[in-house]
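Quick note: the sequence shown, position 6, residue 6 per this note's numbering, numbers continuous.
Among the hints, erroneous ones may be present.
Stated by the list, open to error - Okay, the calculated beta carbon distance ranges per label pair: (1) T99 / R68: 22 to 30 Å; (2) A51 / R152: 54 to 62 Å; (3) L46 / R97: 17 to 25 Å; (4) T131 / T60: 20 to 28 Å; (5) R68 / N48: 45 to 53 Å; (6) W69 / A33: 44 to 52 Å; (7) S126 / G98: 40 to 48 Å; (8) P167 / T127: 36 to 44 Å; (9) R97 / A33: 30 to 38 Å; (10) G98 / A34: 52 to 60 Å; (11) L18 / V42: 53 to 61 Å; (12) L53 / R97: 19 to 27 Å; (13) W65 / T172: 47 to 55 Å.
Bear in mind the hints are in silico, worked out from the structure with no lab data behind them. A virtual CB, placed ideally from N, CA and C, is assigned to each residue, including glycine.
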Amino acid sequence: MRGLVAEADSPLSLLGQLPGIYVEDDLACRLVAAFDDVLAPVFLALDNLPAYLDPALAPTDFLRWLGRWVAAVDDPELPDDRRRALVAGAMALHARRGTAGGVAALVELVTGVAPVIDESGGTAWSTRPGTDPPGGSRSGVVVRVPAEVDQRIVQIVLDGACPAHLPHRIETRTPSGGGPE
């Protein structure tokens with residue numbers, strides 16, 4: 001959490017701006033010095049605002065808030081470097097959300113491993129209202145990742161990245177990249 005910085009000097013001291021008559025008054029000087037102590041962290045934060053908004057430079061506790069602001073995947077177990085990459089790439093990932101490429105990019109950013117995505121890729125419709133679509137109406141996405149990848153975080157990613165109407169599942173694959181184990 002952000003907090004007070006010990007012995008932080010205000011870059012804009014109110015005490016130095018007091019008229020001469022007030023500088024001689026001890027109470028006025030102590031009161032203005034208290035304002036300087038309170039305002040110093042505010043000035044420091046405002047002076048460094050661009051660094052707070054840059055995912056590569058933001059403090060770790062602020063990065064989590066920044067990630068929520070851009071709707072990045074938020075998991076406390078993610079390492080800082082992956083969380084920073086997710087926050088930095090959030091806008092590009094949102095543009096591809098729901099596509100096979102977007103799901104693959106997001107899973108790779110979160111896990112560090114490129115998944116194999118199998119999707120039905122088809123659609124079905126009927127020219128007559130109220131009738132069943134021709135052919136197989138079952139579509140879905142299968143994401144294959146190595147067994148050592150955390151299945152829980154992949155499931156969280158898929159729940160957020162795949163369209164709500166599209167069934168999806170995770171399969172583990174052997175290290176050689178083959179099929180399910």
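Here's how the hints hold up against the structure:
| no. | hint | in the structure |
| --- | --- | --- |
| 1 | T99 / R68: 22 to 30 Å | 23 Å, holds |
| 2 | A51 / R152: 54 to 62 Å | 33 Å, violated |
| 3 | L46 / R97: 17 to 25 Å | 34 Å, violated |
| 4 | T131 / T60: 20 to 28 Å | 56 Å, violated |
| 5 | R68 / N48: 45 to 53 Å | 20 Å, violated |
| 6 | W69 / A33: 44 to 52 Å | 36 Å, violated |
| 7 | S126 / G98: 40 to 48 Å | 24 Å, violated |
| 8 | P167 / T127: 36 to 44 Å | 26 Å, violated |
| 9 | R97 / A33: 30 to 38 Å | 52 Å, violated |
| 10 | G98 / A34: 52 to 60 Å | 54 Å, holds |
| 11 | L18 / V42: 53 to 61 Å | 19 Å, violated |
| 12 | L53 / R97: 19 to 27 Å | 22 Å, holds |
| 13 | W65 / T172: 47 to 55 Å | 34 Å, violated |
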